[in-house]
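Chemist: All chains should be modelled from the sequences, with the hints used to inform the complete structure.
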Amino acid sequence: MATLKLGTLGRRDVLRAGMCGLALGVVGWGAAPSLGSAAEAAKGRILVVVELSGANDGLNTVVPYSDDAYYRARPKLGIRADKLRKLDDLFALQATMAGFERLYKDGNLAIVHGIGYDQPSFSHFTSMAYWHVGAPNSGDAFGWLGRLADAMDPRGAPNFVVDVEDHQSLAVRARNHVPLVFDNPEKFARGRLFEEQSALAKLAAGRAARNPAEAFLFDVATSRRTPRFMCATLAQPTAPPLITAFTVSALSALPR
Amino acid sequence: MGLKKLPGVPDFNATSTELGQTLLNPPTVAGWAQGRSWITPGTLLARGNFAREAVMPDMIDFVDPNLLPDPEIRRVNARILGGMNITEATTEREAGKKMASPAAANLLSDKDEFNTRYASYMGFQEAVRKVKPTLRDPAQFSLTGIVMAEGARTTGEAVDLLLKRFLAVQVDEEERTAVIAFLNEQIGTSDLERARSCLEEPLRMAAHLIMSAPEYQLA
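The listed protein sequences correspond, in order, to chains F and A. With the first sequence counted from 1, adding 47 to any position gets you my numbering. With the second sequence counted from 1, adding 3 to any position gets you my numbering.
No lab work stands behind these hints, which were simulated from the structure alone. One or more hints might be untrue.
[Stated by the list, open to error] Each computed SDA-like pair below joins lysine to any residue, with the alpha-carbon atoms no more than 20 Å apart:
1. A:Lys133 <-> A:Ala152
2. F:Lys249 <-> A:Lys133
3. A:Lys167 <-> F:Glu261
4. F:Lys249 <-> A:Ala184
[What the hints assert, rightly or not] Beyond 10 Å from chain F on every Cβ pair, some chain A residues (computed):
5. Leu26
6. Ala36
7. Arg55
8. Met59
9. Leu138
10. Phe185
11. Leu221
[Stated by the list, open to error] Label-pair restraints from in silico Cβ distances:
12. A:Thr25 <-> F:Arg222: 28 to 38 Å
13. A:Asp61 <-> F:Ala198: 24 to 34 Å
14. A:Glu176 <-> F:Phe169: 53 to 63 Å
15. A:Phe15 <-> F:Thr269: 25 to 35 Å
16. F:Arg222 <-> A:Asp194: 50 to 60 Å
17. A:Asp140 <-> F:Arg121: 51 to 61 Å
Note that the structure is a prediction, hence the values are computed from the model and not measured. Ideal Cβ positions, reconstructed from N, Cα and C, are used throughout, including at glycine.
Modeler: If you want it as structure tokens, here you go:
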């Protein structure tokens, strides 16, 4: 499971390339999750979640071009019907989203419109928190991806959840998992001199904890030892390709 | 370490950004999240690396980030200094692409009416000509001086002083022994006085080891 916040990678680039190109880029960071009952079927599969944090103009991404209200509300911003990639009689994609159009027409893309809840909070950060826990007004301490990870693997296997951004998102906060958080694999290495190697390996590692604070720290210290290996492995030209064929999936069974 | 001022190397802003704490630029309008989200595998590494850069500053590779424009500006600069005209110099030709691409904003306006790449280029030149330089001095301290002044005679006593100075929660005997063994090996003796002249770098490495212990994060 991996989430990616788009920092260095431009949003426009992502939309242009289609979700596929992006997912393949980060797919290698996640450890292979096993899906409980569907364990065999899902073996080696990774769920990639891309969050356009700071929002994306949904109405100009998937345009309700058949709805006059759209053009009334957006006399200038609205995109004219002849400049869109039509999906059906109601909705169309913004012109540069050729990759998404292909995915949709192949039955590999589902779009969910108008997500929200009654009497929404107008606070940006409250709304972000609801978005991340996936439950408005619930006060849930764990994120929706974190809870998913807890449900899939209650033992909390290391590196089950990978969060590619500069700080940990509430969405991945879990009871039993310590998410691996980083935004630059090159920086994800402990700088050390040759002489320090063995002593540093001992000092920086996790050990028997005497209290919950130490237990947490040692957990974190231990969970970050593998990613460096993962990053190094991935960077090698001989690494096995992480591209999985995009087969007809559960997505295509969803009503459109 | 008895510092009276903030070191210029490593760069304060770069360091705080790596730690996810860019000054005045919180991740959301709510500010920074509280509690455990401060420490992630990535920031734990970054903290260890910061400790290393603070006690063993790399003066050879250090480049003042305030004076370092992004690669695009450098490319434009190289082309303009090479005698190219502004339109050509500010058009990016990406490898593998047939079409040259002007700056995205320029696509919306008439050609060269408003050249955003040239504007960034000139803007950077102008800004750097006026920017008040940041003093890039590394932390000035002597761990040798500190441990000797506090009366340490052996590597064991030196390590105990460093542990006491840097950690609020002490590490186990096993880790303490590892640092002492490291120091003994580096200076070839456990007698500080005999190794005084070559003590500083090994002591700094020992300090880095101690600050890399997860316990260092606990107050």
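Chemist: A range of 53 to 63 Å was offered for this pair. Does it hold for the Cβ distance of Glu176 of chain A and Phe169 of chain F?
Modeler: holds (56 Å)
Chemist: Does Lys133 of chain A pair with Ala152 of chain A here, judged by a C-alpha cut-off of 20 Å?
Modeler: Not OK: Lys133 of chain A and Ala152 of chain A at ~44 Å, beyond 20 Å, violated.
Chemist: Run the C-beta distances from Phe185 of chain A to all of chain F and say if the shortest one exceeds 10 Å.
Modeler: violated (4 Å)
Chemist: Checking one constraint from the list: CA of Lys167 of chain A to CA of Glu261 of chain F, max 20 Å. Satisfied?
Modeler: holds (18 Å)
Chemist: Confirm or reject: Ala36 of chain A is not an interface residue toward chain F, with every Cβ-Cβ distance exceeding 10 Å.
Modeler: Incorrect as stated: the minimum Cβ-Cβ distance to chain F is 7 Å, not above 10 Å.
Chemist: Can the restraint linking Lys249 of chain F and Ala184 of chain A be considered satisfied, given a maximum Cα separation of 20 Å?
Modeler: holds (12 Å)
Chemist: Between Phe15 of chain A and Thr269 of chain F, does the C-beta distance stay in 25 to 35 Å?
Modeler: holds (30 Å)
Chemist: I want to verify a distance hint. Is the separation of the beta carbons of Asp140 of chain A and Arg121 of chain F within 51 to 61 Å?
Modeler: holds (55 Å)
Chemist: Is the claim that Arg55 of chain A lies outside the interface with chain F correct, judged by CB distances over 10 Å?
Modeler: violated (5 Å)
Chemist: Should the hint that Arg222 of chain F and Asp194 of chain A are 50 to 60 Å apart at their CB atoms be regarded as holding?
Modeler: Once the Cβ atoms are compared, 52 Å apart, the range 50 to 60 Å for Asp194 of chain A and Arg222 of chain F holds.
Chemist: With respect to the beta-carbon atoms only, verify the hint that Asp61 of chain A and Ala198 of chain F lie 24 to 34 Å apart.
Modeler: Violated: the Cβ-Cβ distance is about 45 Å, outside 24 to 34 Å.
Chemist: Confirm or reject the statement that Leu138 of chain A sits farther than 10 Å, beta carbon to beta carbon, from all of chain F.
Modeler: About 24 Å separates Leu138 of chain A from the closest Cβ of chain F, which puts it past 10 Å; holds.
This entry does not satisfy hints 1, 2, 6, 7, 8, 10, 11, 13, going by the numbered hints stated previously.
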